[in-house]
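Taken in order, these protein sequences are the chains called C, X, S and R. Read left to right, the first sequence gives residues 472 to 832 (our numbering). Read left to right, the second sequence gives residues 472 to 832 (our numbering). Read left to right, the third sequence gives residues 472 to 832 (our numbering). Read left to right, the fourth sequence gives residues 472 to 832 (our numbering).
Honestly, I wouldn't trust all of these hints.
Any copy, or any two copies together, can satisfy a pair, since identical chains are not distinguished.
Heads up, simulated SDA-like pairs for lysine to any residue below, C-alpha to C-alpha not over 25 Å straight-line [unchecked claim]:
| no. | residue 1 | residue 2 |
| --- | --- | --- |
| 1 | 747 | 832 |
| 2 | 747 | 732 |
| 3 | 689 | 591 |
| 4 | 824 | 682 |
| 5 | 747 | 528 |
| 6 | 699 | 548 |
| 7 | 747 | 707 |
| 8 | 747 | 558 |
| 9 | 747 | 551 |
| 10 | 689 | 828 |
Derived by calculation from the structure, the hints in this document are not laboratory data.
Protein chains: 4
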Amino acid sequence: MKRLGILTGGGDAPGLNAVIRSAVKTASNVYQCEVAGIEDGFDGLVQAERWRLLTPDNVRGILPRGGTILGAANRGNPFARKVERDGQTVVEDISHLVVEGFRRLELDGLIVVGGDGTLRIAHELHQKFNLPVVGVPKTIDNDLGGTDVTFGFDTALQTATDAFDKLHTTAESHHRVMVLELMGRDAGFITLHSGVAGGADIILIPEIPFEIERVCEKIVARDRVGRKFSLVAISEGAQPRGGEQVFSRAGDEIYTARLGGIGHKIGAMIERVTGKETRVTVLGHVQRGGKPSPFDRWLATRYGAGAVRLAAAGQWDHMVGLHGQRIEPVALAEALAVPKRVDPNGEPVRTAKGLGIVFGD
Amino acid sequence: MKRLGILTGGGDAPGLNAVIRSAVKTASNVYQCEVAGIEDGFDGLVQAERWRLLTPDNVRGILPRGGTILGAANRGNPFARKVERDGQTVVEDISHLVVEGFRRLELDGLIVVGGDGTLRIAHELHQKFNLPVVGVPKTIDNDLGGTDVTFGFDTALQTATDAFDKLHTTAESHHRVMVLELMGRDAGFITLHSGVAGGADIILIPEIPFEIERVCEKIVARDRVGRKFSLVAISEGAQPRGGEQVFSRAGDEIYTARLGGIGHKIGAMIERVTGKETRVTVLGHVQRGGKPSPFDRWLATRYGAGAVRLAAAGQWDHMVGLHGQRIEPVALAEALAVPKRVDPNGEPVRTAKGLGIVFGD
Amino acid sequence: MKRLGILTGGGDAPGLNAVIRSAVKTASNVYQCEVAGIEDGFDGLVQAERWRLLTPDNVRGILPRGGTILGAANRGNPFARKVERDGQTVVEDISHLVVEGFRRLELDGLIVVGGDGTLRIAHELHQKFNLPVVGVPKTIDNDLGGTDVTFGFDTALQTATDAFDKLHTTAESHHRVMVLELMGRDAGFITLHSGVAGGADIILIPEIPFEIERVCEKIVARDRVGRKFSLVAISEGAQPRGGEQVFSRAGDEIYTARLGGIGHKIGAMIERVTGKETRVTVLGHVQRGGKPSPFDRWLATRYGAGAVRLAAAGQWDHMVGLHGQRIEPVALAEALAVPKRVDPNGEPVRTAKGLGIVFGD
Amino acid sequence: MKRLGILTGGGDAPGLNAVIRSAVKTASNVYQCEVAGIEDGFDGLVQAERWRLLTPDNVRGILPRGGTILGAANRGNPFARKVERDGQTVVEDISHLVVEGFRRLELDGLIVVGGDGTLRIAHELHQKFNLPVVGVPKTIDNDLGGTDVTFGFDTALQTATDAFDKLHTTAESHHRVMVLELMGRDAGFITLHSGVAGGADIILIPEIPFEIERVCEKIVARDRVGRKFSLVAISEGAQPRGGEQVFSRAGDEIYTARLGGIGHKIGAMIERVTGKETRVTVLGHVQRGGKPSPFDRWLATRYGAGAVRLAAAGQWDHMVGLHGQRIEPVALAEALAVPKRVDPNGEPVRTAKGLGIVFGD
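If we strip away everything but chain C, and leave its shape as in the complex, we get (with noise of 0.2 Å):
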């Protein structure tokens, strides 16, 4: 093994900068194995030049940053690339342009850190070229199977748990409702564990439809008993139970709302039914971004030696995953075959909803 190359795809996550730093460190003190760090996910094996040398002397410093030094900025799946062909957007194949970038890279194998959209091309990737890839699991939604957890999750739960924190005593002095808007579009993972965390009343996620009725009576039970606030922990994606047009029937004002999310949404309908202020905070990528928390230092670390063990023992077409305190090989097509969800009816929703949390439903 004498050269690997790295890459990082997808949504920003803290702590890929740890892996890269422990890849390229590990490669270099342990097996004397150059990396190639590249550019902007797969673009930047079909473009020549888009590609440096790591070595552990430039990557010093980096462990404790936020985003990555490759770039993640990439123009989409090789697989089916859109482009623009006399004025009309085409989908193209372009992914042996992808295999040609890594010949002429001369690299031994490949290490490609990414969530479930960019791990599934390189497998495919594998499978249609046997081109030799590991995968690092990154997703701070943690939707991602094979692995108990993944890096950029734990540092998403403290910029929400703390969001939580400082809205608690500003709700109470002021009788308000806050809402806070989370990340999780299709897992409420975040939403869930940093709801539960920051003290939250109410928690709405993507797995568990919810009934706005529900919602409000928690609140108006609240105030009855003189708790005249209410925290509301919102995943980006959770949904009403029939959909949409219950805001619909709310009235134009809060339907035509398309810029504002359902955090507005929910914020609109609460304040109409219950009569109570509410106030709506939508944190977005402040979520992706910041210093990695220690958790996610350690295990992208680890993810990153691991990667590099993998490709050494020429165990491709596999991920690290983290099983309990154990650093594990994952076959890719087992991660990718189930994407991980809250499970409505597991321990961690049943303890919430024995705290008294109302998930809606």
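Got chain C; can you put chains X, S and R on it based on the hints?
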């Protein structure tokens, strides 16, 4: 001086509890004076039972807590209280009830902790009824005259700057424009200070009407020299030169976003004009909450003690103010005469412009 | 199940209040069961009046607070209590008084939250008196068997890692060696995890006796290649190979520093051997305090609820443990059988060594 | 003005990089002036190759970073440099070499960022050689005259106050005395401000010699009324009235703790006198590191720009100072005339005493 009252009014600001604690301890330890904590602003004086005795013992532990143990959810100005009468909303002057409450509680003076609105009421109560009031200035917006700064502002800056730090790395990795909407209806201090501290490229504040063209030019110019991302700091009260119709011109889609604030509007505009992916975060009330910073605890503690000293000296109708390193009395009339605003031509704005930051003017 | 008792024992750990709150809410909401909060560990059972009823109402707001509302300042093991008798210290077994207290309070079960020592007492009370106990593991050192991790550890890691981050820049600017002494008498987990997360160059832990020569060689080697500073992470329980006399050899000055711990000793030694300015920080109990991290709040909440479920199921003499993502019952005997230690040959240490970190072996 | 030099000297302070970045950007954008970054204080001028051109491009991203990219590990005062000569240490005046370096680099002015010592050298260089210098005050201790405050102090306060917050809960749970030793050889500002902000019960600073009896009385008095714990804030430079022999009287054990500082000594003394378990934390250089706070970034940014303006105006031998909200020029001679100390009779100390805090006098 046997018994002082204290109340908190207006929007929340980290440090309110530190003021209360300090006033209670100082009154008790130094002046052997009781303190009556009045709930929910002036409302607590109107209703007989809405107060409680505060002692060094029962204010223990509140120093680092956000919010106010006295609540601040009042029902509006007692000089012009909106009430329902026969199905109609009428405005009544119930200020005499405040004075009656003051007498019923046998107070020798009243410490009023609040912003522009609340302090103005205090001043009018002194004007009209000779009510012995002293003020403590409070505003996270830093828009009050008569004092260099007030508590809460520094903590809000930390929350806002922390958000910029987080957005920075993810913006850079993904070549995106990140818009952060911050508090400040009339004054841009939070946006200016945190924007400079957080490395924003563009700062839009109420005091400097902006032109969307200037904003987009800066983003494009950065792009051209390889800075593929930009951070935009915008106050909720910032306005385009020419007003709202600017957005209207940009098409219905944006203008109808009635629930979304200026942040979402400017974000949509930037995306349309520059073609760059743009993401918007609205921090909202997160800025009003949380543990006060050491500076805010220190200032709030000195303010609380200073207010008790003013009362002991009978220096009514004054508030405490910070001038340089000193706490000094300021006549309420003077403090309220001219609200503080960012000087568009002052050294701070010039310094920011010298760094290359664009204000859109 | 009509009434459960709960007590906290041993060293402080962030998350104790979260366990208490969760147990009380779960017992009340799910099982209509009262909870008696017993003060200062088992001592509160020995003395009749040292407890109070905990309700969902009076545990409100404690979730994010460090410490324990029940106190933990007990006077030692009730099976071997040191008492003064006729001017002499004798050891008595007063464990029967614990059982009497249990009966006097009419408890149906006792939730014991504690580390190795406290849980062992719980186990012995069950062995000897058949006292119905369930355990919740707690140790910031992470040295307990039967569970992947316990609450408090993650928060301690954040405090320690934050200190490394701060030392890093100042060490680099001044070309200094910075030594950070961390908690861990017998187990080096805090030092290992935060050392890796914080970018330490040298990590010294109880499980791996170190040679001072190896430590100084690393510092000198870094110096030679232009890395003019080094960060040393050391557990309070780390020991040089050969024991204390190593320091003795280095001269009286160091050896007589009886109040200073291993951190100061190693710092003095490094300065003497390498001639580089060295500074020492001893974080001490700062590691035990503060707001629990989101992970610790989440885990503590699940533990509290899980302990109540164990009690409801009559699964006495067990504790809750985290295995992967699941909370599962573990027999106390099993959990206490083998303390957890850093494996000198395990993947985490190998990974750290692969990064170039020196352990002094 | 074609080229300015900039150097940083003395102890580290968060915000140094923000000064450098601001000076470079302002000089370039506003004055089309180059900036030469000189390494390791005045040493970089003595040695020809120890500098590099700083541009807006190569100072990007350093705003939030602690430390100084220019280094500060100099070898002492160029007016009295200790050098080895024939095995003996002699003191030489090499200040003319600084001037030669200044000329070799073809500088039009020199921005010196430093504390009392470094600025004094700058002033003497101007006195003796008419070297065109401007100063930027820097000291985390806040002990410099001529300015309300300097950058770095606010960040140090946050680190110290955060430690108090963490110690508070654990002290309370375990009924312990917690001693926190903080920086400040001659000035107690960090200890006073963070002690008040962090809720310390006892504050010991260099400006107010303390009596150990007063300290222990306070702890015992608190104990008696049920406050079973106490927090003691102590500056490294605090001294008992009567000096060191006070500790000697307490027995050899304590006095021989030569490596331990005043914190460990006072801790041992308190434990002996009051019989209460006492724990000591020595924060050390953690106080000098880390991300600068928003206030420090804002102030440092204005200082950097202000220093360039002073240079452009030829206002040599002056430094920038903060007076209220304004940045103003201050003659170095004036700023250095009287060091700033905590006024034992000033309002802040009186306010703290009014809260019940004991200073040991």
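Hints and how they fare:
When the C-alpha separation of residue 747 and residue 832 is checked against a cutoff of 25 Å, the pair qualifies only within one copy, where the shortest distance is 22 Å, while the shortest distance between copies is 39 Å. Taking the shortest Cα distances, residue 747 and residue 732 sit within 25 Å of each other both inside one copy (20 Å) and across copies (20 Å). In this assembly of identical chains, residue 689 and residue 591 lie within 25 Å of each other by CA distance neither inside one copy nor across copies; the values are 42 Å within and 38 Å between. Only within a single protomer do residue 824 and residue 682 lie at most 25 Å apart by alpha-carbon distance; the minimum there is 16 Å, versus 50 Å between protomers.
In this assembly of identical chains, residue 747 and residue 528 lie within 25 Å of each other by CA distance solely across copies; the values are 23 Å between and 57 Å within a copy. In this assembly of identical chains, residue 699 and residue 548 lie within 25 Å of each other by CA distance solely across copies; the values are 21 Å between and 49 Å within a copy. With identical chains, the CA atoms of residue 747 and residue 707 are at most 25 Å apart both within one copy (22 Å) and between copies (22 Å). In this assembly of identical chains, the alpha carbons of residue 747 and residue 558 lie at most 25 Å apart only when taken from different copies (20 Å versus 52 Å within one copy).
With identical chains, the CA atoms of residue 747 and residue 551 are at most 25 Å apart between copies only, with a shortest distance of 22 Å across copies and 49 Å within one. For the identical chains of this complex, residue 689 and residue 828 are intra-copy neighbours only, at 9 Å inside a copy versus 45 Å across copies, given an alpha-carbon limit of 25 Å.
Figure legend: structure checked against the earlier numbered hints; the only hint not met is number 3.
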